[in-house]
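K.L.:
In order, the protein sequences belong to chains A, B, C and D.
In terms of my numbering, the first sequence opens at residue 77 and continues consecutively.
In terms of my numbering, the second sequence opens at residue 77 and continues consecutively.
In terms of my numbering, the third sequence opens at residue 77 and continues consecutively.
In terms of my numbering, the fourth sequence opens at residue 77 and continues consecutively.
The hints are simulated quantities; they were obtained by calculation from the structure and are not laboratory data.
A couple of the hints might just be wrong.
Since the list gives no way to pick out one identical chain from another, each pair is judged satisfied if it fits inside one copy or across any two copies.
Stated by the list, open to error - Taking lysine to any residue pairs in the SDA-like style, the calculated list, with each CA pair at most 20 Å apart, reads: (1) K151 x R204; (2) K151 x Y133; (3) K151 x P209; (4) K151 x G130; (5) K151 x P132; (6) K151 x G135; (7) K151 x R89; (8) K151 x D127; (9) K151 x E139; (10) K151 x I129; (11) K151 x Y90; (12) K151 x D216; (13) K151 x R172; (14) K151 x E81; (15) K151 x G173.
Bear in mind that the values here come from a model prediction, so they are computed numbers and not experimental data.
Next come the chains, spelled out residue by residue.
4 protein chains.
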Amino acid sequence: VRPVEDPPVDPDRYPFATTVRVRFAETDAMGVVHHAAYLPYLEEARVDYLDHIGHPYTGIRAEGIDLAVLEVHVKYLAPLRFDDRAEIRLRVGAARGARLVLQYLVRRGDQVVVLATTMHGALDPNGRPVRLPEFLRALDPGKDGA
Amino acid sequence: VRPVEDPPVDPDRYPFATTVRVRFAETDAMGVVHHAAYLPYLEEARVDYLDHIGHPYTGIRAEGIDLAVLEVHVKYLAPLRFDDRAEIRLRVGAARGARLVLQYLVRRGDQVVVLATTMHGALDPNGRPVRLPEFLRALDPGKDGA
Amino acid sequence: VRPVEDPPVDPDRYPFATTVRVRFAETDAMGVVHHAAYLPYLEEARVDYLDHIGHPYTGIRAEGIDLAVLEVHVKYLAPLRFDDRAEIRLRVGAARGARLVLQYLVRRGDQVVVLATTMHGALDPNGRPVRLPEFLRALDPGKDGA
Amino acid sequence: VRPVEDPPVDPDRYPFATTVRVRFAETDAMGVVHHAAYLPYLEEARVDYLDHIGHPYTGIRAEGIDLAVLEVHVKYLAPLRFDDRAEIRLRVGAARGARLVLQYLVRRGDQVVVLATTMHGALDPNGRPVRLPEFLRALDPGKDGA
Numbered sequence: 077v078r079p080v081e082d083p084p085v086d087p088d089r090y091p092f093a094t095t096v097r098v099r100f101a102e103t104d105a106m107g108v109v110h111h112a113a114y115l116p117y118l119e120e121a122r123v124d125y126l127d128h129i130g131h132p133y134t135g136i137r138a139e140g141i142d143l144a145v146l147e148v149h150v151k152y153l154a155p156l157r158f159d160d161r162a163e164i165r166l167r168v169g170a171a172r173g174a175r176l177v178l179q180y181l182v183r184r185g186d187q188v189v190v191l192a193t194t195m196h197g198a199l200d201p202n203g204r205p206v207r208l209p210e211f212l213r214a215l216d217p218g219k220d221g222a
Numbered sequence: 077v078r079p080v081e082d083p084p085v086d087p088d089r090y091p092f093a094t095t096v097r098v099r100f101a102e103t104d105a106m107g108v109v110h111h112a113a114y115l116p117y118l119e120e121a122r123v124d125y126l127d128h129i130g131h132p133y134t135g136i137r138a139e140g141i142d143l144a145v146l147e148v149h150v151k152y153l154a155p156l157r158f159d160d161r162a163e164i165r166l167r168v169g170a171a172r173g174a175r176l177v178l179q180y181l182v183r184r185g186d187q188v189v190v191l192a193t194t195m196h197g198a199l200d201p202n203g204r205p206v207r208l209p210e211f212l213r214a215l216d217p218g219k220d221g222a
Numbered sequence: 077v078r079p080v081e082d083p084p085v086d087p088d089r090y091p092f093a094t095t096v097r098v099r100f101a102e103t104d105a106m107g108v109v110h111h112a113a114y115l116p117y118l119e120e121a122r123v124d125y126l127d128h129i130g131h132p133y134t135g136i137r138a139e140g141i142d143l144a145v146l147e148v149h150v151k152y153l154a155p156l157r158f159d160d161r162a163e164i165r166l167r168v169g170a171a172r173g174a175r176l177v178l179q180y181l182v183r184r185g186d187q188v189v190v191l192a193t194t195m196h197g198a199l200d201p202n203g204r205p206v207r208l209p210e211f212l213r214a215l216d217p218g219k220d221g222a
Numbered sequence: 077v078r079p080v081e082d083p084p085v086d087p088d089r090y091p092f093a094t095t096v097r098v099r100f101a102e103t104d105a106m107g108v109v110h111h112a113a114y115l116p117y118l119e120e121a122r123v124d125y126l127d128h129i130g131h132p133y134t135g136i137r138a139e140g141i142d143l144a145v146l147e148v149h150v151k152y153l154a155p156l157r158f159d160d161r162a163e164i165r166l167r168v169g170a171a172r173g174a175r176l177v178l179q180y181l182v183r184r185g186d187q188v189v190v191l192a193t194t195m196h197g198a199l200d201p202n203g204r205p206v207r208l209p210e211f212l213r214a215l216d217p218g219k220d221g222a
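The whole structure should be built from the sequences, with the hints applied where relevant.
P.N.:
Next up, the structure:
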């Protein structure tokens, strides 16, 4: 995750937001959401985002492209508890060649809960890297100097 | 799960035993193992049992047979906590036609933690029911009046 | 789960419905939702139901009552896949003394996916059985001959 | 994870090793272990390591110290599949003040599967940072110029 900056804490820098509600099954014996449970939250946010931009992940997979997770980086700044509602904001950090970098801001109210980055590689049905679909490459922030 | 008796509490009635150790990720905010986490424990015991009888599940799947879970019934009698070691005992309740019924006794020391039954159906690669492999049908307790 | 009938397949016999959407993390290598992943779905439906009747589970827990899961019984009739939306319908099967029995019908469109029953025991902070709160006992179907 | 180097790929640089075996429940519809499932593997390796050095995590928690996860960084280099056995090697990257950094090398045979770093903070029962126990600070590689 070197080529892109750290995920910003300013919510206005994220064009997309969705929400999750904490399940009891996601808590642990410390009384808070287990750190592994955030990865499915981020995954759900990715799926919602792809829906939002008109390219559902099921459709991408049906065309023979998987967006495999190559790397995750998560900073846990505050805990979530059972039944909490959290907002997950998402932005594209980079989308070039076969690589997609996404950034996430998870908040409960105004409190920052998690900052995260995931890096994905587009793979064909044989597991070989392929170029990202054009609609993803078009989202690269460097495209228009953003 | 009507055709077979309830899982017995007598450990001697189970020919196979394996152990699991509770992960922190499997606990919940009540401080005990979440009830859903027992299903992967039972699954692990099934896989260990199939290894034990010389027919690893990976081999069964490679031959085009899945043992889909059709039904589960779990009674929770005492909790497990983080880092507990539990013994899972397993017996074949029935193995006829396309149906396999397994029974489980989970204990921590002498304490009964869970009694469970799972029913499975053999499916071909198209998801259609097929007869159980012969080595499984041979384990049906009715075979020899057991 | 002897004292109550099997969960009905008629959706009209369930007074409450909520929905879930399948996460990729909930699927397994058979390409369908793993059987253990349905238990958190049912738990989410319970939490939504308690909200719906004006008694959120967080409030019940804050008053020192846990509704521990004593028993689950799940019949898997059809699979769910990634990104499927499913409806979970819920009804109270029994609510007497310290015991609460809930029944669930999970459907994708008109297709029945799962029928399930969960039995719960009300526990005080020391883990001892206590009577169900009055608002739950009032929901027992036997109350008014239903 | 700035203050420490990337996790080394040389297994000899890790003083501790444990093994995990992939459960079916940990796979996903791509046919491989879901990326979130690696975090409980790393957690299990930490718990095994603390046992190994004579300070079980249950004992640390009993003395009122939690080692909360503050940050995780995982690179996925190759997939694991159902029933694979993987070796998880662990080393202490840093152990100073309230911060513990651990590094992990996950391999299947000679193949590198995952490189990971986790950062932990010692917390008292009120969730406030406290110094790491002396036995952990003694493991800091900088102690002896390593």
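K.L.:
If a hint holds in the structure, say so; if it does not, say that too.
P.N.:
Structure-based check of each hint:
Only between protomers do K151 and R204 lie at most 20 Å apart by alpha-carbon distance; the minimum there is 18 Å, versus 30 Å within a single protomer. Taking the closest pair of Cα atoms, K151 and Y133 never come within 20 Å of each other, the shortest separation being 26 Å inside a single copy and 22 Å across copies. In this assembly of identical chains, the alpha carbons of K151 and P209 never lie at most 20 Å apart, being 29 Å within a copy and 23 Å across copies at closest. Neither within a single protomer nor between protomers do K151 and G130 lie at most 20 Å apart by alpha-carbon distance, with minima of 30 Å and 29 Å respectively.
Proximity of K151 and P132 under a CA criterion of 20 Å is satisfied in neither setting, with 28 Å inside one chain copy and 26 Å between copies. In the homo-oligomer, the alpha carbons of K151 and G135 never lie at most 20 Å apart, since the shortest distance is 31 Å inside one protomer and 26 Å across protomers. In this assembly of identical chains, the alpha carbons of K151 and R89 lie at most 20 Å apart only when taken from the same copy (18 Å versus 26 Å across copies). Within a single copy, K151 and D127 get their C-alpha atoms no closer than 26 Å, and across copies no closer than 27 Å, so neither meets the 20 Å cut-off.
Taking the closest pair of Cα atoms, K151 and E139 never come within 20 Å of each other, the shortest separation being 34 Å inside a single copy and 26 Å across copies. In this assembly of identical chains, K151 and I129 lie within 20 Å of each other by CA distance neither inside one copy nor across copies; the values are 27 Å within and 28 Å between. For the homomeric pair K151 and Y90, the shortest alpha-carbon distance inside one copy (17 Å) is at most 20 Å, but the shortest distance between copies (24 Å) is not. Taking the shortest Cα distances, K151 and D216 never come within 20 Å of each other, neither inside one copy (24 Å) nor across copies (22 Å).
When the C-alpha separation of K151 and R172 is checked against a cutoff of 20 Å, the pair qualifies only between copies, where the shortest distance is 19 Å, while the shortest distance within a copy is 25 Å. Taking the closest pair of Cα atoms, K151 and E81 come within 20 Å of each other both inside a single copy (14 Å) and across two copies (18 Å). In the homo-oligomer, the alpha carbons of K151 and G173 lie at most 20 Å apart only across protomers (19 Å), although the nearest pairing inside one protomer, at 27 Å, exceeds that limit.
Violated hints for the displayed structure, listed by number in ascending order: 2, 3, 4, 5, 6, 8, 9, 10, 12.
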